[in-house]
Amino acid sequence: MEEKYYEISSDNIEKFVNNLVAQNNEVIAPKDKDGDTFYDKITDFKDADLNILLPKLSFKEYLLPKTETLFEYSISGSNINILDPLENAGADGGNSGKKSVKRIIFGSRPCDAGAGPIMEKVFNWDYKDEFFNEKFKNLYIISIACVQPDNYCFCTEAQLSPESSYGSDILLKKGGSGYYAKVITEKGLELINSTSENAGLFKEIPKEAFPADKDWKAAFDIKKTQGFLDKNFTSSYFQEKFLSCIGCGICTYTCPTCHCFDIQDEGTNEKGKRIRNWDSCQFGIFTLHTSGHNPRVTQGDRYRQRLMHKFKVYNEKFNKYLCVGCGRCSRNCPEDIDLREITSELSLMEDNITQ
Amino acid sequence: MEKMNDKLQNTAKELLENKEVNLIIGFTKGSNPLRMRSVFITDPNDVSKLSFNAHCVQDLAVFLKKPEVKKFGKIGLVVKGCDEKAVNTLIQEYQLSRDNIKIIGVECRGAVKQNLADKGEDSVKQSTVYDKCLVCEVHTPLLYDYLVESDEPAFEINGDIKPYAKIEELDAMSVEDRNMFWQKEFEKCIKCYACRQACPLCYCTRCIVEKNTPQWIETNIEETGNAQWNMIRAYHLSGRCIGCGECERACPVNIPLMLVNEKMARDVFEKFGYKSGVDINAKPVFGTFDANDFNEFIK
Numbered sequence: 034m035e036e037k038y039y040e041i042s043s044d045n046i047e048k049f050v051n052n053l054v055a056q057n058n059e060v061i062a063p064k065d066k067d068g069d070t071f072y073d074k075i076t077d078f079k080d081a082d083l084n085i086l087l088p089k090l091s092f093k094e095y096l097l098p099k100t101e102t103l104f105e106y107s108i109s110g111s112n113i114n115i116l117d118p119l120e121n122a123g124a125d126g127g128n129s130g131k132k133s134v135k136r137i138i139f140g141s142r143p144c145d146a147g148a149g150p151i152m153e154k155v156f157n158w159d160y161k162d163e164f165f166n167e168k169f170k171n172l173y174i175i176s177i178a179c180v181q182p183d184n185y186c187f188c189t190e191a192q193l194s195p196e197s198s199y200g201s202d203i204l205l206k207k208g209g210s211g212y213y214a215k216v217i218t219e220k221g222l223e224l225i226n227s228t229s230e231n232a233g234l235f236k237e238i239p240k241e242a243f244p245a246d247k248d249w250k251a252a253f254d255i256k257k258t259q260g261f262l263d264k265n266f267t268s269s270y271f272q273e274k275f276l277s278c279i280g281c282g283i284c285t286y287t288c289p290t291c292h293c294f295d296i297q298d299e300g301t302n303e304k305g306k307r308i309r310n311w312d313s314c315q316f317g318i319f320t321l322h323t324s325g326h327n328p329r330v331t332q333g334d335r336y337r338q339r340l341m342h343k344f345k346v347y348n349e350k351f352n353k354y355l356c357v358g359c360g361r362c363s364r365n366c367p368e369d370i371d372l373r374e375i376t377s378e379l380s381l382m383e384d385n386i387t388q
Numbered sequence: 390m391e392k393m394n395d396k397l398q399n400t401a402k403e404l405l406e407n408k409e410v411n412l413i414i415g416f417t418k419g420s421n422p423l424r425m426r427s428v429f430i431t432d433p434n435d436v437s438k439l440s441f442n443a444h445c446v447q448d449l450a451v452f453l454k455k456p457e458v459k460k461f462g463k464i465g466l467v468v469k470g471c472d473e474k475a476v477n478t479l480i481q482e483y484q485l486s487r488d489n490i491k492i493i494g495v496e497c498r499g500a501v502k503q504n505l506a507d508k509g510e511d512s513v514k515q516s517t518v519y520d521k522c523l524v525c526e527v528h529t530p531l532l533y534d535y536l537v538e539s540d541e542p543a544f545e546i547n548g549d550i551k552p553y554a555k556i557e558e559l560d561a562m563s564v565e566d567r568n569m570f571w572q573k574e575f576e577k578c579i580k581c582y583a584c585r586q587a588c589p590l591c592y593c594t595r596c597i598v599e600k601n602t603p604q605w606i607e608t609n610i611e612e613t614g615n616a617q618w619n620m621i622r623a624y625h626l627s628g629r630c631i632g633c634g635e636c637e638r639a640c641p642v643n644i645p646l647m648l649v650n651e652k653m654a655r656d657v658f659e660k661f662g663y664k665s666g667v668d669i670n671a672k673p674v675f676g677t678f679d680a681n682d683f684n685e686f687i688k
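The listed protein sequences derive, respectively, from chains Y and H. My numbering applies: residue 34 is where the first sequence begins, and numbers increase by one. My numbering applies: residue 390 is where the second sequence begins, and numbers increase by one.
The set of hints was computed from the structure by calculation and includes no laboratory data. Fair warning: there could be bad hints in the mix.
[Said to hold, decoys possible] Quick list of the computed label-pair ranges, beta carbon to beta carbon:
no., chain 1, residue 1, chain 2, residue 2, range
1, H, Asp511, Y, Asp80, 29 to 39 Å
2, Y, Met34, H, Lys600, 45 to 55 Å
3, H, Ile546, Y, Asp69, 32 to 42 Å
4, Y, Asn112, H, Lys460, 40 to 50 Å
5, H, Asp488, Y, Asp69, 39 to 49 Å
6, H, His528, Y, Asn327, 40 to 50 Å
7, H, Lys600, Y, Asp159, 51 to 61 Å
8, H, Asn547, Y, Leu83, 37 to 47 Å
9, H, Gly662, Y, Asn51, 57 to 67 Å
10, H, Gln515, Y, Asp80, 49 to 59 Å
11, Y, Lys161, H, Asp511, 50 to 60 Å
12, H, Asp566, Y, Asp183, 20 to 30 Å
13, Y, Asn57, H, Lys460, 31 to 41 Å
14, H, Gly462, Y, Lys64, 47 to 57 Å
[To be verified] Cross-link-like lysine-lysine pairs, in silico, DSS-like; alpha carbons within 27 Å at most:
no., chain 1, residue 1, chain 2, residue 2
15, Y, Lys89, H, Lys555
16, Y, Lys66, H, Lys600
17, Y, Lys66, H, Lys502
18, H, Lys555, Y, Lys304
19, Y, Lys206, H, Lys508
Ideal Cβ placement from N, Cα and C applies to all residues, glycine included.
Could you build the full structure based on these sequences and the hints that come with them?
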């Protein structure tokens, strides 16, 4: 659709969010939890903590739950009963299984919003993952542009920007009497026009009145990072650099775009379920064969895999990077491994080789 | 700090030059001025990278379990007193030969909590350091081959802050309330197992949670699975945990894991008079048998 532009006051944005809650939508926003911020369900606009840069975890769990039931079974005698999640909302009441409630993320950052369509490509590449698609279809994203990224942020290098609207249904920018709003998708328009009261809170403005993006400059060229990865699979860089990696997997668990999962069967002979859990390429067991052979035997091999997947393989397939530059992996790494530093370093190494 | 760093670097250089070790693991400057990270040095010319300050939060003993690191054979390790106890425990449990490690002990005056440092905190005082620093008995490591003395003054403790205060609070609760407390904490768990990876003493090549024939621990992130994982890990660490606090620091969802570990350590001391990681010649408390044990079943 053609993008639409609005202005909305601070008071009205509060009313809008509270109306969305009152209309029985599940509204998720950054929320303080014991001194740290996480995406969580809010029941009032005031619950949302919009002053922080980024919640500690992304909102990935609303697209790919940490544990998701694929089906349940029960056996009695010769009767085998399969509970199909198509007809069943799943054991945890909606977050699991193919049925999904309408869910609105309010106050996400452009990096997190960008992760949705990036993941969607994987979940629809050959097999159409109905579990993901159902949730993605029902997820509405209202993001707020960043003003000041921190030292771990590199969204601009990752081909987004602190003001990018990629993946958002509505992008808000602070200014005027509160916010300016850019509505990118039909879903965004649907939220605004959900009631006449909501529609009245937004004042349409011409495109020119919407504040222009700043001229964000990338500090390094991510294509050169890819260039290095293309040619240097066996580089000693990986083995040396990642001696300091303890393989905890926090980088992948806090990453908005990492999407690997592990399928497990849990239960007894009579009753049980098949679930999928988040998994991580940083675990030694991730590629361990039943024969005992492990093709990624060192942590250097494993971190190289993460870099290759994000900045080479995914790009070759989908012409986009599997990274939104949110910097969570670096901020949360207990050993202070900094992905921005690494991708920048590799791009410079590529420079030195090609010169 | 200058004097400390000089001594640290000279010691490392000597060890590498004399081929007494093949690798030095120490601290170096991190991604911002208030973060430090580990550095792996094999070339004596690189020792200038080594430094130490109150932001050296990591327990470098964790690397001793890594196969890639073990390959280096003789290793020189820079350790604070708390972390050095992990080295002792590894020796006690036959995971490390005393001959293969040169312990470069640093006298530590307390480590600034990383979450505070990330917000700009740079001073060492009772309100900024980890709880373990408030009860620390090993500012000078118990065992070392080389000691790098601190040139910083000790911070003042006036009793205003009670370390691990929540433990007594939990002890006073009813079983139901205590259970509720932990259920709420474990609910946050995302099963990333970073607590395990960050632990210098979680060295099993195949963790019990990865065994599925039979499956001992549920892998889901629902109530049972989460409680099973966190409680089993606590049991596996009781009488062994040396209190470095790396599990809690690594946890991305802020589960107060040190409350469990510290509580178990207190119980083990109370019941068996044993403190972990203190003596490399002591038998691990759960690896020994005593005819005078207070439990009947064991006799």
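How the hints compare with the structure:
{"no.": "1", "hint": "H:Asp511 - Y:Asp80: 29 to 39 Å", "verdict": "holds, 33 Å"}
{"no.": "2", "hint": "Y:Met34 - H:Lys600: 45 to 55 Å", "verdict": "holds, 52 Å"}
{"no.": "3", "hint": "H:Ile546 - Y:Asp69: 32 to 42 Å", "verdict": "violated, 27 Å"}
{"no.": "4", "hint": "Y:Asn112 - H:Lys460: 40 to 50 Å", "verdict": "violated, 56 Å"}
{"no.": "5", "hint": "H:Asp488 - Y:Asp69: 39 to 49 Å", "verdict": "holds, 44 Å"}
{"no.": "6", "hint": "H:His528 - Y:Asn327: 40 to 50 Å", "verdict": "holds, 41 Å"}
{"no.": "7", "hint": "H:Lys600 - Y:Asp159: 51 to 61 Å", "verdict": "violated, 32 Å"}
{"no.": "8", "hint": "H:Asn547 - Y:Leu83: 37 to 47 Å", "verdict": "holds, 38 Å"}
{"no.": "9", "hint": "H:Gly662 - Y:Asn51: 57 to 67 Å", "verdict": "holds, 59 Å"}
{"no.": "10", "hint": "H:Gln515 - Y:Asp80: 49 to 59 Å", "verdict": "violated, 33 Å"}
{"no.": "11", "hint": "Y:Lys161 - H:Asp511: 50 to 60 Å", "verdict": "holds, 52 Å"}
{"no.": "12", "hint": "H:Asp566 - Y:Asp183: 20 to 30 Å", "verdict": "violated, 39 Å"}
{"no.": "13", "hint": "Y:Asn57 - H:Lys460: 31 to 41 Å", "verdict": "violated, 59 Å"}
{"no.": "14", "hint": "H:Gly462 - Y:Lys64: 47 to 57 Å", "verdict": "holds, 50 Å"}
{"no.": "15", "hint": "Y:Lys89 - H:Lys555", "verdict": "holds, 24 Å"}
{"no.": "16", "hint": "Y:Lys66 - H:Lys600", "verdict": "violated, 33 Å"}
{"no.": "17", "hint": "Y:Lys66 - H:Lys502", "verdict": "holds, 18 Å"}
{"no.": "18", "hint": "H:Lys555 - Y:Lys304", "verdict": "violated, 40 Å"}
{"no.": "19", "hint": "Y:Lys206 - H:Lys508", "verdict": "holds, 25 Å"}
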